[in-house]
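**Student:** For reference, the chains in residue letters:
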Amino acid sequence: MDTMANMPQASARPITWGVSRYRVRKAFGRGLWYITLTGLGLIFSLPFFWMLSSSLKVEARIWIYPPQWIPDPFLWRNYPEALTLMHFGQALRNTVFLTVVGTLAIVLSSSWIVYGFARFRFPGKNVIFLVLLSTMMLPDQVTMIPRFIMFKELGWLNTYLPLLVPAAFGDAFYVFLLRQFFMTIPTELDDAAKIDGCSYIGIWWRIMLPLSKPALATVTVFSVIRGWNDFLWPLIILNDSEKFNLALSLATFRGLYSTQWGYLMAASVVSLLPMIILYFFAQRYVVEGITLTGLKG
Amino acid sequence: MARLTQKVIESPVRRRKLSREVLWGYVFVGPWILGFLIFTLGPVLASLGLSFMDYELISAPTWRGLRNYAELITQDRLFGVSLYNTIFYTLFSVPLGIIVAFSLALLLNVQLPGMNVYRTVFYLPAVTAGVAVSLLWIWLFNPQFGLINYLLRSLGLPGPGWLVDPVWAKPAFILMSVWGVGGTVVIFLAGLQGVPRSLYEAAEIDGANTLQRFRHVTIPMMTPVIFFNMIVGIIGSFQVFTSAYVMTQGGPRDATLFYVLYLFKQGFKLLRMGYAAAMAWILFVIIIVLTLIQLRLSRKWVYYEGELAGE
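Respectively, the protein sequence lines represent chains F and H.
Under my numbering, residues 6 to 302 are what the first sequence spells out, in order.
Under my numbering, residues 27 to 337 are what the second sequence spells out, in order.
What the hints contain is simulated information worked out from the structure, not anything from laboratory work.
Model, not experiment: these values are computed from the prediction.
Heads up, the beta-carbon is just placed ideally off N, CA and C, and yes, glycines get one too.
Be careful, since some hints might not be right.
As the list claims (entries may be wrong) - Taking CB as the label site, the calculated pair distances span:
no. : chain 1 : residue 1 : chain 2 : residue 2 : range
1   : H       : ASN235    : F       : LEU194    : 43 to 53 angstroms
2   : H       : TYR110    : F       : LEU194    : 21 to 31 angstroms
3   : F       : TYR262    : H       : GLN170    : 50 to 60 angstroms
4   : F       : PRO78     : H       : TYR110    : 21 to 31 angstroms
5   : H       : ARG103    : F       : SER263    : 39 to 49 angstroms
6   : H       : LEU92     : F       : THR41     : 54 to 64 angstroms
7   : H       : GLY106    : F       : ASN163    : 51 to 61 angstroms
8   : H       : LEU74     : F       : TRP161    : 18 to 28 angstroms
9   : F       : TYR262    : H       : PRO184    : 44 to 54 angstroms
10  : F       : MET188    : H       : ARG322    : 23 to 33 angstroms
11  : H       : THR249    : F       : ARG82     : 52 to 62 angstroms
12  : F       : GLN185    : H       : GLN320    : 17 to 27 angstroms
13  : F       : TYR39     : H       : GLN170    : 49 to 59 angstroms
14  : H       : THR249    : F       : GLN185    : 35 to 45 angstroms
Stated by the list, open to error - Keeping only pairs whose Cα atoms sit at most 27 angstroms apart, straight-line, the calculated DSS-like set for lysine-lysine is:
no. : chain 1 : residue 1 : chain 2 : residue 2
15  : F       : LYS218    : F       : LYS130
16  : H       : LYS295    : F       : LYS157
17  : H       : LYS196    : F       : LYS248
18  : F       : LYS157    : H       : LYS196
19  : H       : LYS295    : F       : LYS199
20  : H       : LYS196    : H       : LYS295
21  : H       : LYS291    : H       : LYS196
22  : F       : LYS157    : F       : LYS248
23  : F       : LYS199    : F       : LYS130
What the hints assert, rightly or not - One-sided and incomplete, this derived list gives chain F residues near chain H with beta-carbon spacing under 8 angstroms:
no. : residue
24  : ALA256
25  : ARG259
26  : GLN288
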């Protein structure tokens with residue numbers, strides 16, 4: 006019980022307890038702590054385990070009660086079959102293309118824009134930045150319908166242009182994130198570069214970008230995750246199933262094979278896997294980015 | 027005197043430099059201004075205009091005045107249903123999410139080995155949000171063969187119909203949203219790590235026990251973070267779409283017809299663009315009003331460190 010009450014200041018140095026008693030309690034407390042966390046962790050990972058387990062089952066073994074935890078027989082066949090049926094290769098290529106191009110565009114444009122906000126003085130800057138911050142509150146749905154009509158008039162429906170072109174104009178949230186970081190880069194570096202005859206574009210490219218690598222990594226990871234999971238806007242813009250990204254293909258696949266859970270789970274595992282791998286490698290940047298938003302927001 | 031001459035000589039140069047700086051400032055910020063005008067401000071005004079019109083893509087838009095709004099509020103039963111569903115969902119998923127996230131963050135806020143692993147585990151669902159995870163939850167919620175009802179039954183509890191039962195469909199979405207609470211956990215964790223240790227030490231010297239320290243140090247110091255998560259959480263939950271679209275399409279009996287899903291159906295299935303634009307504006311106003319109310323209420327319970335320094 007003491008451990009539970011102790012949690013808010015567990016990182017603080019305990020001053021009041023005697024040493025030997027403290028040690029016993031500490032070991033006991035640690036044990037309880039790990040048991041609680043492990044229990045909760047198991048509950049949180051159970052859905053993933055269930056997904057993996059279902060993806061490896063024969064159709065007949067899925068519809069049994071009580072459920073089988075470890076698939077028997079172990080079946081890999083769901084994977085190639087499901088992936089062929091949902092034209093996974095095509096959808097994967099589309100998703101990678103959209104995610105990579107969209108992310109490149111948004112990272113370059115956002116960092117370009119943020120350089121202006123972080124380093125230049127010009128009339129209206131504060132007002133413009135306030136407007137930028139307030140657009141983060143604007144629900145997408147408010148602009149969605151006119152944007153759809155606009156792209157329709159341009160003849161861009163069922164192409165990737167509506168998904169990629171807006172990215173070239175930056176993103177308010179990423180500009181905001183990057184600005185927090187750009188402000189910490191000392192201006193002496195720009196001044197030195199200026200004296201050496203470096204242009205502003207040169208400073209942006211050779212000084213600001215290399216020095217803000219951690220923040221750019223954060224924005225990149227966010228943008229990749231967002232691009233990979235993007236659903237509503239592609240759903241509105243794309244009609245042709247050959248142009249679908251993974252999210253759209255999966256949703257269509259679900260309509261066609263609504264009860265074949267072996268297939269559906271295999272397809273889900275494969276479409277999640279790249280994000281899970283990315284997250285394991287880039288975890289630090291994600292955490293830093295969220296921290297930055299939460300505290301300065 | 028010398029200083030003055032120097033200033034006189036320097037000023038045109040400085041001015042030229044300044045105007046060059048101004049120009050380059052706009053060159054860098056320019057793309058955002060342009061994008062804002064084309065993809066945000068223009069569409070915002072256009073959708074406001076459209077909300078007073080009838081426009082179904084095939085024929086030219088016709089003026090309708092306030093009749094879209096009137097129809098939504100007085101005649102459209104599903105509008106009320108979708109609003110109710112969304113408010114119900116928000117009312118439970120946001121507070122529950124905050125409580126769960128805060129508790130997890132407290133558990134993770136210790137200097138013990140392996141905390142990174144646990145943090146990863148709790149955050150992972152948030153990375154994978156989307157269609158694949160929605161498919162997974164349909165399967166988890168399967169009344170006969172799903173994992174959730176299996177667990178409930180092994181505890182001796184009855185397994186509800188979840189996504190096929192109008193009463194249990196919304197709770198199913200709330201449960202799923204709690205699972206995806208990882209982002210909030212990370213924000214809380216950062217907040218907890220920002221609480222100065224000296225405050226706890228001072229409280230301890232004053233004889234406060236652990237519970238009192240939690241009540242009088244941790245909670246007040248965390249109120250700004252709780253407030254931030256509430257605002258962001260409410261805005262997010264008012265826009266829930268993908269999971270409902272994939273998992274239930276709004277059913278059973280419209281129990282999960284959330285606001286944006288209904289807006290999408292009006293706009294892109296029935297092609298009632300003006301009507302959907304009116305819905306979008308109502309959503310926008312609701313979000314603004316809710317945020318303003320929270321800002322006003324926050325004065326009563328959110329504690330900012332700066333306030334103390336002023337006293």
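**Student:** Could you grab the alpha-carbon distance between LYS196/H and LYS295/H and see if it respects the 27 angstroms cut-off?
**Tutor:** Holds - the C-alpha atoms of LYS295/H and LYS196/H are around 23 angstroms apart, at most 27 angstroms.
**Student:** Given a hinted range of 18 to 28 angstroms, is it respected by the beta-carbon distance of LEU74/H and TRP161/F?
**Tutor:** holds (23 angstroms)
**Student:** Has the hinted range 44 to 54 angstroms been met by the Cβ atoms of TYR262/F and PRO184/H?
**Tutor:** Taking Cβ atoms as reference, TYR262/F and PRO184/H lie about 30 angstroms apart, which means the hint is violated.
**Student:** Keeping to a limit of 27 angstroms between CA atoms, is the pair of LYS295/H and LYS199/F held or broken?
**Tutor:** Violated. LYS295/H to LYS199/F sits at ~56 angstroms, over the 27 angstroms cutoff.
**Student:** Given the hinted pair LYS295/H and LYS157/F, is their alpha-carbon gap at most 27 angstroms?
**Tutor:** Satisfied, since the Cα-Cα distance of roughly 16 angstroms is no more than 27 angstroms.
**Student:** Lying within 21 to 31 angstroms: is that true of the beta-carbon distance PRO78/F to TYR110/H?
**Tutor:** violated (48 angstroms)
**Student:** Starting from LYS157/F, check that the Cα of LYS248/F is at most 27 angstroms away, please.
**Tutor:** holds (17 angstroms)
**Student:** Return holds or violated for the Cβ distance of GLY106/H and ASN163/F against the range 51 to 61 angstroms.
**Tutor:** 35 angstroms Cβ-Cβ, so the 51 to 61 angstroms window is violated.
**Student:** Measure nothing beyond the straight line between the CA atoms of LYS157/F and LYS196/H; if it is 27 angstroms or shorter, mark the hint as holding.
**Tutor:** violated (35 angstroms)
**Student:** Close enough to count: is the Cβ of ALA256/F nearer than 8 angstroms to one in chain H?
**Tutor:** Holds, because the Cβ-Cβ distance from ALA256/F to chain H comes to roughly 5 angstroms (cut-off 8 angstroms).
**Student:** Hey, LYS218/F versus LYS130/F, does the alpha-carbon distance stay inside 27 angstroms?
**Tutor:** holds (25 angstroms)
**Student:** Does LYS196/H pair with LYS248/F here, judged by a C-alpha cut-off of 27 angstroms?
**Tutor:** It is violated: about 33 angstroms lies between the C-alpha atoms, which goes past 27 angstroms.
Comparing the model with each numbered hint stated earlier shows that hints 2, 3, 4, 5, 7, 9, 13, 14, 17, 18 and 19 do not hold.
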